[in-house]
Amino acid sequence: MTKRTMDNGAMDTKRKINIPWLFEMAWRDSRRNRSRLFLFISAIVFGIAALVAIYSFRYNLENDINAQAATLIGADLAVSGNQQPGPAIKPLLDSLGDKRSEERTFVSMIYFPKSNGTRLVQVKALQGGFPYYGSLETTPVEAGQSFRTGRNALVDKTLMLQFNAHVNDSIKVGNVTFLIAGILNKAPGQTGVSSGIAPVVYIPLQYLEQTGLSKKGSRIGYSFYYKYDKQVNIDKLVKNIDPRLDKADMNYETIETRKENTGRSFADLTRFLSLVGFIALLLGCVGVASAIHIYIREKIASIAIMRCLGVKASEAFLIYLIQIVGIGLVGSVAGALLGSFVQHLLPLVFKDFLPLTISTDTSWIAIGQGVILGVIISILFALLPLISIRNISPLNTLRISYEEINLVRDPFRWLVYALILLFIITFTFFQLGNWLASIFFTIAILIAFLILAFTAWLLMKVMRVIIQSSWSYLLRQGFANLYRPNNQTIILITSIGLSTAFICTLFFIQGILINQLNLSSSSSQSNMILFDIQTSQEKAVAALTRQYKLPVLQQVPIVTLRLEKINGKTAADFKKDTTLKFSRHVFSNEYRVTYRDTLSATEKVINGEWVGKAEPGKEIPVSIEDGFSKRNHINIGDHLVFNVQGLSMPAIVSSVRQVNWNKIQTNFQVVFPKGVLEDAPQFHVLLTHVPSAKASSGYQQAVVRQFPNISIIDLGQVLNVIDDLLDKISYIIRFMSAFSIITGVVVLIASVRISKYQRIQESVLLRTLGASRKQIFAITALEYLFLGALSALTGIVIAVSGTWLLTKFSFEIPFAINLLPAIALFFIIALLTVIIGLLNSRGVLNKPPLEILRTNAV
Amino acid sequence: MEAILNISNLSKTYQSAGRTLTVLDNINFSVAAGSTNAIVGPSGSGKTTLLGLCAGLDSSTTGIVELNNINLGKLSEDQRAQVRNQYIGFIFQNFQLLPTLTALENVMVPLELRGEKNIKARSLELLDKVGLSDRGHHYPAQLSGGEQQRVSLARAFSNSPRILFADEPTGNLDAETSEKVVKLIFDLNKEAGTTLVLVTHDLELAAKTQRILRIKGGKLIADDKTDNG
Ligand SMILES: Nc1ncnc2c1ncn2[C@@H]1O[C@H](COP(=O)(O)OP(=O)(O)OP(=O)(O)O)[C@@H](O)[C@H]1O
Ligand SMILES: [Mg+2]
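As given, the protein sequences belong to chains A and B, one line each in that order. If you want the working numbering, it's the 1-based position in the first sequence plus 16. If you want the working numbering, it's the 1-based position in the second sequence plus 148.
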């Protein structure tokens with residue numbers, strides 16, 4: 017026999033890791049588990065799909081905005097302001113561009129003689145060839161150009177439908193009757209939503225004077241559109257003229273600035289949506305983590321054998337890591353493909369919110385991002401069970417230890433936790449752009465997770481204590497399954513509970529938002545507002561109202577003014593001294609204020625003293641609203657100087673009022689006492705209540721006929737519009753949350769399905785010992801019913817508290833939830849858990865025990 | 149003859165529920181290279197524990213295990229894994245084949261780990277020796293217990309181990325199959341000059357070795373040479 021002795025030092029302990037072999041082992045080891053592994057990972061498919069769809073949508077949107085920005089604004093340069101341009105700026109406005117257009121915009125009532133209908137609309141009086149890019153899309157097509165030549169109008173298509181009007185009918189705007197030359201389908205920059213809120217009517221500018229509506233002063237918007245035939249550096253141009261425009265209180269917009277603004281507002285939207293997608297993904301990750309945990313637990317024996325044969329701990333770890341990466345890749349690619357498909361649906365979902373046509377090109381960047389994200393996240397969440405592989409002793413070949421592989425002592429565990437938290441915070445930050453919000457979001461998820469884990473732990477402790485030997489065998493066995501070795505209590509409760517909490521919170525918030533709206537529509541008495549009433553018309557309008565047997569609920573004067581100084585400092589002073597806090601618009605805003613000698617029913621003084629009458633020669637004691645006070649850091653005793661049409665009015669803050677904005681009332685940020693503003697230029701507002709749509713239309717027609725300058729807001733109509741809008745928004749939210757719901761179901765199926773492999777031996781054993789199939793069925797049903805019900809309940813409790821927190825701190829609206837969907841959700845989830853649980857065990861029960869013992873023999 | 153395994157003052161205790169359970173109590177012996185040895189004793193006496201310690205699957209509470217002059221207690225778990233791969237073969241009562249690998253792949257693993265050449269041919273040769281050359285592509289679940297144990301035998305010898313540990317290799321087999329497997333163990337053993345340490349309840353099987361170590365209550369109570377010795 018040859019002598020092959022070796023000493024310690026000579027032993028080759030630095031065997032290199034053979035990567036191809038690891039891949040081969042990973043492949044071999046996964047053989048009988050691939051479909052299961054795919055089931056595990058399918059939990060992330062829908063989250064990835066949601067994100068890839070949103071990302072693709074975003075990239076396409078960016079491209080489309082870039083390509084279509086010119087048609088959004090319709091010109092190379094647009095200048096606008098709220099006053100008739102004075103002699104200082106007029107020469108400049110007339111010198112810009114090679115082609116010019118002018119537009120005046122104001123709100124007014126219009127009248128459809130044929131149907132006797134009236135409605136408040138946005139009138140645009142246009143002159144020139146605007147739009148220079150894109151077009152006024154009309155039916156018939158040529159109307160978009162031809163209406164300008166005569167006494168013609170273009171009327172928004174929703175209005176046409178509402179009043180059953182046709183081309184060549186007429187409408188009355190102020191004192192002039194126009195022929196409807198065409199239906200306005202789309203104007204530059206317009207969306208379905210914006211035209212629903214303020215439908216547009218175009219008329220030629222040359223008839224504005226005759227309508228008698230142009231005398232309304234500051235309420236008209238003035239826009240000038242310019243087109244350059246030659247290449248001009250617009251950026252440089254606007255930089256030059258900006259100071260002069262600023263002085264004239266005018267703003268400008270170029271294709272470039274419109275591009276940025278549109279891009280920014282849509283970035284916000286897509287960010288929010290990708291956060292919803294991310295929630296679906298996180299939910300899936302909880303599923304992945306729990307599935308991999310059980311998968312690895314089943315692999316203990318195999319890993320121990322490999323260790324026995326000389327596989328290093330790190331190699332064993334890598335073999336399974338490779339499997340996870342592989343299956344994560346497959347899942348992510350599947351998700352990305354699904355997402356690219358779903359992307360085609362998004363323009364349909366969003367169509368009413370988009371000012372442009374969206375292409376649905378396949379975005380490889382979005383797909384790449386989705387796949388990378390999917391792989392990273394599956395590794396990250398599988399890492400916790402994976403690192404435990406390193407601690408599996410080869411001793412398990414001699415004696416399988418049923419005690420859990422002890423993760424607690426592995427310091428790497430904390431590293432993995434930290435990585436997961438860091439990842440969630442960072443990813444959320446990329447969606448929200450706000451670290452604090454991201455940290456709150458992450459903490460909220462963490463707390464929900466801990467509550468669920470604690471509930472599960474508590475359940476196991478309690479069950480151990482309360483199970484009585486006097487209970488029936490089935491009851492004992494079913495409940496004992498909750499805490500016996502290899503139980504899934506914690507995993508099922510956390511994953512089902514988290515899904516429930518997410519979905520339920522979405523339902524609650526949606527319900528509250530819609531509820532909020534109905535609240536304000538039903539509880540208020542006033543449902544019609546008349547404004548722009550001249551002082552001379554005040555009494556006549558009130559009389560007309562009473563004539564129609566309608567109540568005059570409120571009639572208040574309104575004066576428009578600006579703030580000039582706060583405690584002696586002007587806007588310029590504030591600009592210089594950055595230590596002074598103030599809201600950016602405090603000086604540039606126009607304030608609509610009223611004057612009266614008493615408080616209204618919806619307000620109360622929370623600080624200082626209400627003064628109803630001004631004393632001549634003294635600073636005017638004004639009352640400000642609480643929110644206004646907080647936003648601008650203005651308090652009792654502060655000195656303000658207001659400017660009313662060039663006249664300076666020194667005032668002192670004498671009280672701060674809290675206003676209940678929920679009631680439909682005329683509420684004001686600043687209220688003056690009587691005795692100061694009586695002679696200032698002003699208009700009046702009248703609030704009334706119309707009992708029916710019929711009464712409403714008769715009354716509106718009468719008002720419009722007698723007082724064409726008065727505008728009427730029919731709140732019923734406004735609420736319909738808002739209802740419609742909220743419907744569209746909640747449709748989008750539902751569309752996105754569907755991904756979470758599907759993921760929740762997949763996680764449920766996956767988690768319960770894994771139990772099949774866990775419970776096989778046990779059920780077979782019970783059967784061998786003589787338990788009937790019915791009994792095993794009952795035991796299984798009991799166990800899952802309990803798990804499903806408890807996790808759903810805990811999830812709903814979390815959702816209720818989460819919703820409460822959100823309404824209190826984030827939305828700042830009253831908390832009131834509709835428990836009906838929650839109760840429905842509770843039963844659905846409990847039932848679903850039982851059904852899926854039973855479907856799984858059915859497979860076990862129908863096979864002969866021997867077959868199962870054989871295929872599962874280690 | 150030179151000793152391949154040296155056990156001195158070996159003890160193993162478990163802490164459970166605050167009490168100390170002494171499973172092995174100051175064991176001393178050494179095993180000569182190429183010899184055949186049996187460890188026998190009543191159930192729960194510590195045989196499996198002792199085997200696990202000798203093979204470096206576990207670490208002792210006190211005492212030294214020297215295998216091939218390597219003090220196992222001084223090695224890290226990964227280094228011990230390497231020692232197992234280089235010098236040790238295993239046979240278990242419940243076979244312990246990797247369920248997702250075919251019979252042939254199971255035999256190949258130790259060789260692949262060593263990065264050797266002609267792995268497949270050599271593994272097929274081994275399978276042929278245990279009479280299973282036509283079952284190489286079958287998974288363990290498709291094999292009978294006796295066939296599985298023969299595959300595990302082929303695997304145990306595939307890395308030409310210096311020492312083979314077997315924990316009740318025939319415990320799960322019927323008498324006839326047991327006999328076949330035992331014959332194979334001893335034949336392969338003789339052919340390769342491997343040292344054999346086997347744990348068994350079966351006194352007939354123990355009698356086939358050269359030396360019988362008896363343990364009881366964690367203590368080595370007898371160390372007898374048999375007629376074969
Ligand atoms: N992890 C452990 N914790 C506590 N006690 C243990 C542990 N592992 C083994 N024991 C105890 O050590 C003693 C010896 O066990 P061992 O498996 O070595 O006996 P054995 O001689 O192989 O028995 P058998 O012939 O039944 O296989 C037993 O009493 C067992 O309960
Ligand atoms: Mg034993």
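Treat the hints as calculated values from the structure; they're not laboratory data. Heads up, some of the hints might be wrong.
[What the hints assert, rightly or not] Derived SDA-like pairs (lysine to any residue); straight-line CA-CA distance at most 25 Å: (1) A:K106 / A:D251; (2) A:K32 / B:S164; (3) B:K265 / A:K106; (4) A:K477 / B:S164; (5) B:K265 / A:R44; (6) B:K222 / A:I33; (7) A:K252 / A:N277; (8) B:K268 / A:W43; (9) B:K364 / A:P36; (10) B:K265 / A:K477; (11) A:K581 / A:F547; (12) A:K32 / B:K222; (13) B:K222 / A:H705; (14) B:K268 / A:P36.
[As the list claims (entries may be wrong)] Output of the computed footprint for chain B on chain A, the stretches with three or more beta carbons under 8 Å from beta carbons of chain B: (15) 42–50; (16) 327–338.
Just so it is clear, CB atoms sit at the ideal spot from N, CA and C, and this is done for glycine as well.
Verification of the hints:
A C-alpha spacing of about 21 Å is found between K106 (chain A) and D251 (chain A), which places the hinted pair at or below 25 Å, so the restraint holds. At most 25 Å may separate the alpha-carbon atoms for a hinted pair to count; K32 (chain A) and S164 (chain B) exceed this at roughly 39 Å. Restraint check: the Cα-Cα separation between K265 (chain B) and K106 (chain A) comes to about 92 Å, which exceeds 25 Å; the hinted pair is violated. A threshold of 25 Å between alpha carbons decides the hint, and for K477 (chain A) with S164 (chain B) the separation of about 21 Å falls inside it, so the pair holds.
At most 25 Å may separate the alpha-carbon atoms for a hinted pair to count; K265 (chain B) and R44 (chain A) meet this at roughly 20 Å. For a cut-off of 25 Å, the pair hint linking K222 (chain B) to I33 (chain A) stands: about 22 Å separates their Cα positions. A hinted pair counts as satisfied when its Cα atoms are at most 25 Å apart, and K252 (chain A) with N277 (chain A) qualifies at roughly 19 Å. At most 25 Å may separate the alpha-carbon atoms for a hinted pair to count; K268 (chain B) and W43 (chain A) meet this at roughly 18 Å.
As the CA atoms of K364 (chain B) and P36 (chain A) are separated by approximately 47 Å, the hinted pair breaks the 25 Å bound. A C-alpha spacing of about 56 Å is found between K265 (chain B) and K477 (chain A), which places the hinted pair above 25 Å, so the restraint is violated. For the suggested pair K581 (chain A) and F547 (chain A), the alpha carbons sit about 29 Å apart, so the restraint of at most 25 Å is broken. A threshold of 25 Å between alpha carbons decides the hint, and for K32 (chain A) with K222 (chain B) the separation of about 21 Å falls inside it, so the pair holds.
Taken as a hint, the K222 (chain B) and H705 (chain A) pair is broken in the structure, with Cα atoms around 92 Å apart against an allowance of 25 Å. Restraint check for K268 (chain B) and P36 (chain A): satisfied, since their Cα atoms lie roughly 16 Å apart, inside the 25 Å limit. Only when three residues or more bring their CB closer than 8 Å to a CB of chain B does the claim for the stretch 42–50 of chain A stand; here the count is 6, and the claim holds. Requiring three or more residues with a Cβ within less than 8 Å of a Cβ of chain B, the coverage given for the stretch 327–338 of chain A holds, as 4 such residues are present.
In summary, the numbered hints that this structure violates are 2, 3, 9, 10, 11, 13.
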